[in-house]
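If you read the protein sequences in the order shown, they are chains D and A. Letter by letter, the first sequence follows residues 1 to 511 of the numbering used here. Letter by letter, the second sequence follows residues 512 to 824 of the numbering used here.
It is possible that some hints are incorrect.
Unchecked claim - Pairs of lysine-lysine residues, derived as DSBU-like cross-links and limited to a Cα-Cα distance of at most 30 Å, are as follows:
no., chain 1, residue 1, chain 2, residue 2
1, A, K670, D, K225
2, D, K511, D, K95
3, D, K261, A, K670
4, D, K225, D, K211
5, A, K739, D, K511
6, D, K292, D, K225
7, D, K285, D, K211
8, D, K127, D, K95
9, D, K511, D, K225
These are calculated hints, taken from the structure and not from any lab test.
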Amino acid sequence: MFKWKRAAVAAAAAAALALTGCAGGSGDGGSGDSAGGGTLTWGVIAQPTTLAAEGANWANESPYIQAVYDTLLRATPEGEVEPGLATEWEYNEDKTVLTLTLRDDVTFTNGDTLTAADAAASLLAFKAGNSPNASNLINLADAKAVDDTTLELTLSAPDPAMLTFLTQNSGVVAPASSAGDEATATNPVGSGPYVYNAGETVAGSSYVFDKNPDYWNPDDQHYDKLVLQYYADPTSLLNAVQGGQVNVTNIIDTSSVDQMKSAGFTANEFALNWWGFMLSDREGKLAPPLAKVEVRQAINYALDKEALVKTVGNGYGTPTSQIFPTFSPSYDESLDDYYTYDLDKAKELMADAGYADGFEITMPRAAAIPEAHWTLYADQLAQIGITVNYQELQATEFIPSIIGGEFPMTWFTLQQDPTDYQLASFQISGASTWNVLHQTTPEVEAWIKTIQTGTEDEAAEAGQALNKYLVENAWFAPMYRPTSIFMSDANTQVETQVGNAVPYLWNVQPK
Amino acid sequence: MLRFILRRLLAGVILLFVVSSVAFLLLYLGAGDIARQILGVSATEEQVAQKTAQLGLDQPLIPRYFDWLTSAVTGDFGTSWFTSQPVVAAITSRLAVTLSLVIGTTILTAVVGTALGVWAARKRGAADRTVQIVSVLGFAIPGFLIAIFLVNVFALNLKWFKPTGFVQLGVSFPGWLSTVTLPIIALAIGAIAAIAAQIRGSVIDTMRQDWVRTLRSRGLSENRVLYKHVLRNAGGPALAVLAVQFVGLLGGAIIVEQIFAIPGLGPVATTSTAQGDVPLVMGLVVVTASIVVIVNIVIEILHGFLNPKARIS
């Protein structure tokens, strides 16, 4: 018995010694415990696809790009365009030539001085590159340097979103000498506030950036060091927050927000997407019942949006019937509750359309989305007699099959873009990728044309008419606007960014 | 010995060829629209078509495979489609991380598993029963549950360790230890249970052999009989189990690395397979199959060292 006790005590002592030894060293490798000022450790949920300017991604990858590059223009948290590398800009009368005046005091980390030729080369390389947003510059016919500080962009058609695009990855500027250099994918050359530290970076885990000592705008350098710490797993991200290893972070799902708040973090809320059904087959080519506007309206009335926010959205979301965001001039608050949950009305509309007994419809689903969500969606439709036959797809097939126009309707969540023209070009117009069956009407296309080419007032009026039309004709069946959340610790303040998954880098700073 | 190694290496090369062919075929059959996956939801159809052609995804299976194979034999595994990182660089940096976990776990497993197994076999009674019960529990509790428990207790509550992240061994040894200790313990518990049970059984069986009685009758001390003769005999089967555990740990590390946000092969294996990042997945397949081949050769040599009867001529 004595030996048992002795062995146990010895084991415990050895373990304690070993653990204490480890604890003593744990401070050496950590980087997220700073109270701000020194190091900002930012939890990111995406690795950089590339650090090359011409292939740059945005959204969750924007911190990587904003660390090493500058953009021609910048956006305020509300989405207003403001000076960046360009201090002034002006359109010609028909909005097909945009002239920008660039700063003359900017140097790249390779020692080159910024000129308009660098900016022109960057824009053309981006347009021809592999970025998922390369089509942002689809209306850019040419870019040329008039002189060292004057850049002239020629557009093939007016593009109301162009200035906004120049605040994002499409406006990133790299030295002309590095355009097309594959090495920049992992060793970028920019003029941004931070310089990529390849030596301290552990690919797939932490991406380290040091303050650029020659940066032209030191007011935007809030930290000496930036660490973008990648988390793929919600549990490890929560552990990192609870363990004080990050100062700010995006989240993978909302179920851990309360635990993060308990750890002293603040949830900075904003709306980024809309969530619901795309009723794509409005001409009834794949599913004839959807050609009836009454059926599409019935689907909208059958959605118990409050319950869906609670169950699917973990309580984080605002019910709505429109896809336009609150910050859009086309947004109409009264349209949020245009369709409220009303089964009697929904059934009446189904009967009026000749489908009192319902019908069957095929929708895609993927295992990446929780099974319970799919069940809830099917249950909502079953209330008015619509039987959903799900077609199981691999994660890699899910989006291509939808875009390929294989389904008459589908659940999805899409971004609410910063400008109406972006939103219309992305998910409404007949040519847009997410009008997956490319079904449209002349009036819709006319409103979009006015948004593109009209004056500000004309565009706003057309946008409002378009929004009302889409809701009344039930092009979509939105459930809610999910509340996006960006967490920050007690030492860090953030301003969330309209239309982007994370705040812009310079809007994260020590308190 | 040299002939044996060469023969095994040749078999290994054939195995690599077969495994890589099967993996390539499976990736080909299971692939969705990879170009769309890479370019995202906002890319146009033209961009997707251009990317598809650029990656050679519009080519038939056989030419694509031989393109990959001819590059791979020269050591060129290409570039990850999703992160632009060269495959060799992406794997070597992560392989070192995973191997430091797996080798650490194997050493801990061998030492603790052997000690527990010998102790149980020698003491029998309560000690033996305790080891057996603990072994069963070790088998029964999944590694990820142990990992979550360890993080909650030792990292989040007691704050003795970091809950996530990884410090490279070359940067700071204490830092490295603070990030790998919990993952290694989480990985090792199941493996220790297997080794302890194996050693216990083998030692008990060997102790009953006539030659052990003879050694004792010649006046050799019990310790000398046990550690010099019995354990050496009992070690063979345990070594085989350890080899299987080593290979299994490569798989087990996937989940544990996710929980601790450790940049090993695990996260990259799951992500790249789900995405259909063919160059990276193929690189991973070649590396893991090579590890299996090498470990098996090393174990057979070690087995021969422990047991002269099994020594390779």
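Do the hints match the structure? See the list:
| no. | hint | in the structure |
| --- | --- | --- |
| 1 | A:K670 x D:K225 | holds, 25 Å |
| 2 | D:K511 x D:K95 | violated, 42 Å |
| 3 | D:K261 x A:K670 | holds, 19 Å |
| 4 | D:K225 x D:K211 | holds, 6 Å |
| 5 | A:K739 x D:K511 | violated, 66 Å |
| 6 | D:K292 x D:K225 | violated, 58 Å |
| 7 | D:K285 x D:K211 | violated, 57 Å |
| 8 | D:K127 x D:K95 | holds, 20 Å |
| 9 | D:K511 x D:K225 | holds, 16 Å |
Hint compliance for this structure: hints 2, 5, 6 and 7 are not met, and every other hint is.
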